[in-house]
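Chemist: For reference, the chains in residue letters:
There are 4 protein chains.
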Amino acid sequence: MATTTAVEQQRERTTSSDTMRALVFRGPQRIGIERVPLPRPGVGEAVIRITLTTICGTDLHILKGEYPVRPGLVIGHEPVGVIYELGAGVTGYSVGERVLVGAITPCGQCADCLTGHWSQCGGPIGGWKFGNTINGAQAEYLLVPNAQANLAKIPDELSDEQVVLLADIASTGISAAESAHLKLGDTVAVFAQGPIGLCATAGARLKGASLIIGVESDPVRAAMSRKMGADVVLDFTKTDVVEAIRRLTGGRGVDVAIEALGTQPTFENALRVLKAGGTLSSLGVYSGKLSVPVEPFAAGLGDHKIVTTLCPGGKERMRVLMELVRHGRLDLKPLLTHTFPLDRITEAYELFGNRRDNVIKVAIRP
Amino acid sequence: MATTTAVEQQRERTTSSDTMRALVFRGPQRIGIERVPLPRPGVGEAVIRITLTTICGTDLHILKGEYPVRPGLVIGHEPVGVIYELGAGVTGYSVGERVLVGAITPCGQCADCLTGHWSQCGGPIGGWKFGNTINGAQAEYLLVPNAQANLAKIPDELSDEQVVLLADIASTGISAAESAHLKLGDTVAVFAQGPIGLCATAGARLKGASLIIGVESDPVRAAMSRKMGADVVLDFTKTDVVEAIRRLTGGRGVDVAIEALGTQPTFENALRVLKAGGTLSSLGVYSGKLSVPVEPFAAGLGDHKIVTTLCPGGKERMRVLMELVRHGRLDLKPLLTHTFPLDRITEAYELFGNRRDNVIKVAIRP
Amino acid sequence: MATTTAVEQQRERTTSSDTMRALVFRGPQRIGIERVPLPRPGVGEAVIRITLTTICGTDLHILKGEYPVRPGLVIGHEPVGVIYELGAGVTGYSVGERVLVGAITPCGQCADCLTGHWSQCGGPIGGWKFGNTINGAQAEYLLVPNAQANLAKIPDELSDEQVVLLADIASTGISAAESAHLKLGDTVAVFAQGPIGLCATAGARLKGASLIIGVESDPVRAAMSRKMGADVVLDFTKTDVVEAIRRLTGGRGVDVAIEALGTQPTFENALRVLKAGGTLSSLGVYSGKLSVPVEPFAAGLGDHKIVTTLCPGGKERMRVLMELVRHGRLDLKPLLTHTFPLDRITEAYELFGNRRDNVIKVAIRP
Amino acid sequence: MATTTAVEQQRERTTSSDTMRALVFRGPQRIGIERVPLPRPGVGEAVIRITLTTICGTDLHILKGEYPVRPGLVIGHEPVGVIYELGAGVTGYSVGERVLVGAITPCGQCADCLTGHWSQCGGPIGGWKFGNTINGAQAEYLLVPNAQANLAKIPDELSDEQVVLLADIASTGISAAESAHLKLGDTVAVFAQGPIGLCATAGARLKGASLIIGVESDPVRAAMSRKMGADVVLDFTKTDVVEAIRRLTGGRGVDVAIEALGTQPTFENALRVLKAGGTLSSLGVYSGKLSVPVEPFAAGLGDHKIVTTLCPGGKERMRVLMELVRHGRLDLKPLLTHTFPLDRITEAYELFGNRRDNVIKVAIRP
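Residue numbers (the numbering used here), protein chains in the order written: chain A, 52 to 417; chain B, 52 to 417; chain C, 52 to 417; chain D, 52 to 417.
Certain hints may be false.
Once the Cα atoms are required to be at most 27 Å apart in a straight line, the calculated BS3-like pairs of lysine-lysine come out as [unchecked claim]: (1) C/234 - D/115; (2) B/234 - D/234; (3) C/384 - C/204.
No lab work stands behind these hints: they were computed from the structure.
Using the sequences and the hints, build the whole thing.
Modeler: This is the structure in structure tokens:
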């Protein structure tokens, strides 16, 4: 028909509605499923139909009002889905293809991206848009900005469950060892074995660390830590962690200390167990004050490095991480301990927020 | 007694003789066990009693006259032993301690070493001394130069067999991925799966490659390649390797191509399967002419890198590699397929040189 | 009027014509000014009115048929101009703004770009589009693909003449020292002091080399080499360059050898003067066969690196290079020895191709 | 005579005494010239006759009791001299040769040195021995440990004055840009323009920074800052430095911020002006508490790096820095504003400590 444009023909025919269900943040401790407008893609954008997503620890911070986002925002940033509609200028994709989209969606074309700082696209933390500055993934549909740079096709042999955690926590966790330029045979301590820390452990193992020491008091997480690659897991409630790590490393200290919680004590201990010339790789989100203890910092003379990393994103990052899964190098499914339908996502928040039932990560299926 | 000096008291009392048995190179195709003077350590040196050593492919080149060394030299460069005597100025060691010494024994104090080029100690290939410029390890005793920098104590829980291959082939093989700065999830092709290539495969796996493709026609080595970490092994006598690797990588080519043989065809194919921006990591020893095919080299415009690496050495390299073994990351024992006593080393040369009996590496026990 | 769209309003009102003058390649030795359609920008594209461009050595190769491009193509790839029309989806720019566009115009959004291989955008040499795969800059107007990633605004205080060479030869030349990871105080030899080599000399100086040795027989270029930063310039027709460089470096050889011509003798000499552990940084475009002499290559055991670099591009690269000019670190104007109007560009080709009148670079003003 | 050994024959015949004059630290605020035993070299050691040395800011900290060293120690760590006596095992040197010795004297043979952490030789800050853990350079003679790795011959064309500052402050200052991996065209802010900061400014210039901003209130040091390479010098007593640097960098912030004082405000401001993805390169010696302000740190999500560097040392470092001086890239003589004989060194301490008479650095001539 004459009224059917080329762009409309690129749309998957699954809904006649103009609205969708989504989890909307209305203010601290106020979230709920609402009907909101179904997005339409502009130039360079795409809309995907979400098939699997998750709740992230950051979402809990948002819920508590600890990380400010504007009321009315749909939150969530770990999307797996199917291409529903493609905007003008997006090429090489077809409606209906399964895609993974990273939590970080760089444009690829700004000064930051063109110097390799994709996560800082357009300025500090600018690469993180979903559920932060634009609507996020805990919804039936998701508008993907800079789609050309961010739609990563999922190989047929991989399930949604196998890849969903790559969008954020695995990409983030694994980046700790990468940003630290961990060398073959380096010793590593990973402080906290929550989802990010567990992935940091897996990343240290993948990059070829020799001795990997996890620090965690929760026995379920400690067991998972060993599964993800830790040789030893220290319970900081029972052990002097600094002294134990010194001893385990023959007095040297570790080459790389990974902070995966975002607190003063873990940051400080990470520095205390670090050898001169070593690297503290920080993944934590800090609030309030952060102090550098001067003595383990060798008063600034220890050739220490402190590096921070925001989750790497973009479709190529997603593709490479999926290849690691596809070739059996990385298996994150054990971390997906629970699944909820989108309609019951507030229950999932409650479970996840209170760390009940040995939850590690919760999957949400719209 | 007045004639007993401090230095002499540091000597292990195992022999009253002043000579030892050693394999002496007398010229092309002329080697044999001879009695030669037992070495005494000078300032900064040590003598170790060899407990395990091996024959290296390079020794075969020497035997054939393809790599020139002076007649009269004791050859071999992969020593495990026990400290027998310590020269002046060597501290922190005791006679009787088990040590691994790398094939490369840098001084640590020359311009090359002080800029991190330890293998090129004092000039091109200068770090390789054993069985090249000074007497080597296929003997009962071995003089270790720059002992302070080169005696790596062996942890009690590791056997000689577990560590002997770290001295050269594992350090060399693994360095291919390191020198290439292989990134997590990179795809890799390793050309030739002899001892070095097998260790290169293990190294690529350790550093976090996703897809690893071995190239090898010998079925025993192909099987060992899979054991060391290859996902696919291509037989170049039956397959168009370049086309197959292109296909396996979705047309991209590999991120890292490792040359582990030292021939024109393998070098050339390594370049042909390499993606633009990728790295050819060369371990081979080339003789005669080496040609760079201009087309796969993108006429010099493909942002390709070609890196070569001589075996990294020094006691810290040995320590770190031993840590990888100790923590179960690396197991090289399957490569040690045969063992001979020193007295029968010429038989071992014959077996190894002719690749009989599915030999991969031969251990020699004095 | 109802027929005036928003996009059309973004167009500079300088022409009522639909055609423009441009230099068209019709086959080997066949170029000429023709009238061709004036381009219109699609999504993500822009059209600029060229105010200054140049002829590059690569254009001479194209003219001679040595580098194949399709007949009918407008050639040239070093554009300075004014934004004439902006396609949909290009933001932050206005018609009339002065811009520099690199010879390499990466999309920023493909797998290659998203791993930092911008010059290899979409595949080998894929970043080089102007005058290679799409129409180029020796014309009145130029269609800029991936405009968002490639339009670099020119600071008011910089003239067209000050920045035009940054588009290609300066970006390429300077990249030699960057790709080599030249360290402070490194010694450098630059083989050939044509436009690229002169910029490589400037780049080595900028990066902090200590001793810089140019190799060039042309006395005018030798003088310019000193002006750009060389401490010594060797005339290979009168001096044994390899021996002289060995002597100048106290027998060590250089840390970095830059090949800026693309011939077997310069490549080979670059390797011969390189120290073990050093880097040969190649900028040349090679044709036919390229041989690696095995002896100076230490048979593959010298820890040598050979790196090749295609001109880095993208708007951020251009911005940074312009900052170097703006702050007085880099002055390329002396290299612009001649200027011609576009109408007389074939004369300019003749002068430049025959290296008459001490020409180094020719500017073309439409 | 039978009692003359070979080692003794290597001794320069300039004194028949067994003692020498030296500045001895006796406790906080208690220093003075005393006669102390003239050192004799052991294995691998050398004694040099000091011809020029300096007072460092660190010496002032020691004098005030802020950096603890044992009473009785000879302090000072920037030695230029002439080889007076060589211990056993030191080769390639002759008595009477002029040498520069770095403040940091790595052994080259421990685990730290063999992984490139020369300044952390043997453990945290272990490379710094002179005037810290062993007798220092403010004396007539100096025992040099690990002499083979630390005696850097001075080219004839360079005077003592041209090289003495390379031993510490230039090596330290310049390392800031090196440790930050400053890239060509990066923007840099250097907080504080004391001797170290001035050298950091020179280093940023040498490495190819575009815009260099010094921060300093002292007008003499501000003028020297411009001489060493700063484009702009901001007086923090008159200007909001953070706001000014933001403005000077077009709102981006700097790529590299160098902290060269060791105080909370400078550290904090360095972080405040740093762009996301940028590097804070810290040279300061911190005492008490150091706080990381969380907001400019982007709560740990800004991909910021904080790197600290202890002065790089070893003879090769000294050689390379001398090459930079020899080739006219670096001129530190303007920083040597005063000279005193050793006998009047306490006057020099007073002048330097109180920053009287526009002093920047004081040379001491025994």
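Chemist: Go through the numbered hints given earlier and state which of them the structure violates, listing their numbers in rising order.
Modeler: Result: hint 1 breaks, nothing else.
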